[in-house]
Amino acid sequence: MNVRSEIGVGLGHLARWGLRTVFRRNASQLPGRIALTVDPDIISRLAKKLQKGSIVVCGTNGKTTTNNIIASAIEAGGQRVLCNRAGANMAPGVVAALLPGSGADWGVIEADELSTVNIVPELKPKLLILLNLFRDQLDREGEIDRVQDTIVRALASSPETTLLVCGDDPISMGVARRAAEAGTKALSFGIAEDLHLPPERVPEGAFCQVCGTELVYDYRAYAQLGAFRCPKCGFARPTLDYQATNVHAGRSGVEFDAACIATGDQVHLRANFGGVYMVYNLLAAFAAATMAGVDPKTFQRALDSYSPENGRLQHFDVDGREVVLNLAKNPAGFNQNIQLLLEDKRPKATYIVINDNYNDGRDISWIWDVDFERLAGEGKSLLVLAGGLRANDLQVRFKYAGIDAQIAKDVSAALEAAKDMPKDQPLYVLTNYSALWPAKAELERMGKRHE
Amino acid sequence: MNSAEATSAPKTDAPTLTIAHLYPELLNLYGDSGNILVLKKRMEWRGITADVREVHVGDTPSFADVDIVFIGGGSDREQKIVCDFLLQQKDELKAYVEDGGVLGAVCGGYQLLGESYLMGEERVPGLELVDLYTDRGTPRIIGNIAIRSDICEHPIVGYENHGGRTHLGSGVKPLGEVLYGQGNDGITGFEGCLWKNVLGTYIHGPLLPKNPGVADWFISRALERKYGKGAIAIEPLDDTKELAANKVMFDRMLASRKQED
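As they're listed, the protein sequences go chains A and B. Those letters in the first sequence? Residues 938 to 1388, by the numbering used here. Those letters in the second sequence? Residues 478 to 738, by the numbering used here.
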């Protein structure tokens, strides 16, 4: 390292120490920001600390969970990992994650899609995982086309990186196709069977990425993910390198057989969380962990002990009532959450919270693309409450979905509104990004972890 | 048929409006399905039958028995796919508009109404339904917007996100005057267009849920065209929730405008 970067690293460490020790704050961003200011190339220098290399995870939905499972699995296999577990996924967050300690075997890094172009060329990871691409944060990210272009550019400047892409997602495959043409090695993963699920509204990706013809599907898993093909030009789901079959996905968790086609290995995996979307996350995590030398038994052990601390599908017990907290920040995520909620056959309440802070996206027009109509079918066995800075918009959305929703200002108020419900009936709290942490803090204060 | 059956049969004389939603699978970037849902519900709540027809790529629609045409916005890529198909309907749509047909166009759809618009550096011909054209400017205009319009009592609030700058011909009225945000071009202080029974606007968010007066403008224009002036009164609805949501955003914009002053 040169003097400049030593100073950068030193100041970063100092800021981290100060934040944690003096101010007792989580040091997920600021130290990285300071270090980056002093040394703009600091990521590529810090990458040298990683003896075996790095894995980067991007995609609209599921990247924090997938990233953390990969990190846990590699650690369970006895290797040292640096990871941005809290989900600070732009360049400063990556720097902050790579600062601690003198070295590690692997960097396991979550990257915001538009930040991949700042992170991948510097880090030159062994593997970039692209989980999926959905419409999200239209005001900040622009259109999906722009996100695709950015990831293609990121890969072009790191030719040794292999792309592990969701083969079921035509939008992600649009990226893979262009990257492969430029010489990137691509591997794909997906669900290789029809799950016979009720069809969902598909707000994007219905048309061929190459020629614009409407895609046809043999079957779909959710949103635009499935066995797609273009009837005109041949753009289609590829032969999957990693396949999930015998899939069972529900409220109580998922299990499936994960197969690597190249080696012929097949293992049975299970987790006590998630829905169909989690099958994709776990399959991608399994593929990445395997490439990092983790054996299947160790991976399963890591899944068994994995317990989300970040508000993703966290269960709490508040005075005897089960409260489930999850992040949902775009139509694809919400529709998956609605599916999970409907699989819970108990009468219940749901508190849906939407903010429009910068991190959330200021434009919330996407709430009209969520299938809230499916909740209307529950009638009196579902109490719906709206919250957040855009509670009134949600209330209107619910009205037109045929649901009479009251506004509750926070989780306590939502629990209060549900107080006449028997205690064995749960409350589902679904929030978008900036509403997640306050809800989580409130639940941690009021309740205990639900086992 | 006995009299009991006669009374339980649906009333065949109930007013009916047909909505043609153009290319919903492509022009749906900003929750545009919400606009159709709001029109449909507000008709049904008043005993008006709503017949929603989706026009898909490859269809050759007739607008002869259509009462409201709606065009949403898409991404550049999707809008380009749509453009060729839409231009094939140009004469049909032109005749519909000249005949007083009611048409709503939001965001990208608004740009399609004019003589041409720019996609990147390429000038793409539009439908020439309204005397307007669109070029580009920087920066992209992104943010909340509020306007005052003659067509309804409440301010129209929503979100705008466009690189295009739209210029109205001298005979074309704007939809309203910008109170917060940028509007058509960020310069004239006007937003949207009104021409015959055509309403075009950059305001999505989407447009109709928080602006019930705009939704009712479409419905009453369509009723008047189909059944004659004053033939069917448009009954007021309880818009407490809609107007509360409108007010929250309008007050927020007003407060931040004061801060900027």
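Worth double-checking, as some hints may not be accurate.
[Stated by the list, open to error] Below, in silico cross-link-like pairs of lysine-lysine (DSBU-like), each with a Cα-Cα straight-line distance of 35 Å or less:
1) A:Lys1346 - B:Lys703
2) A:Lys1336 - B:Lys703
3) B:Lys735 - A:Lys1317
4) B:Lys735 - A:Lys1356
5) A:Lys1346 - B:Lys735
6) A:Lys989 - A:Lys1063
Since the hints were derived computationally from the structure, they do not count as laboratory data.
Legend entry - Hints not upheld, ascending by number: 1, 3 and 4
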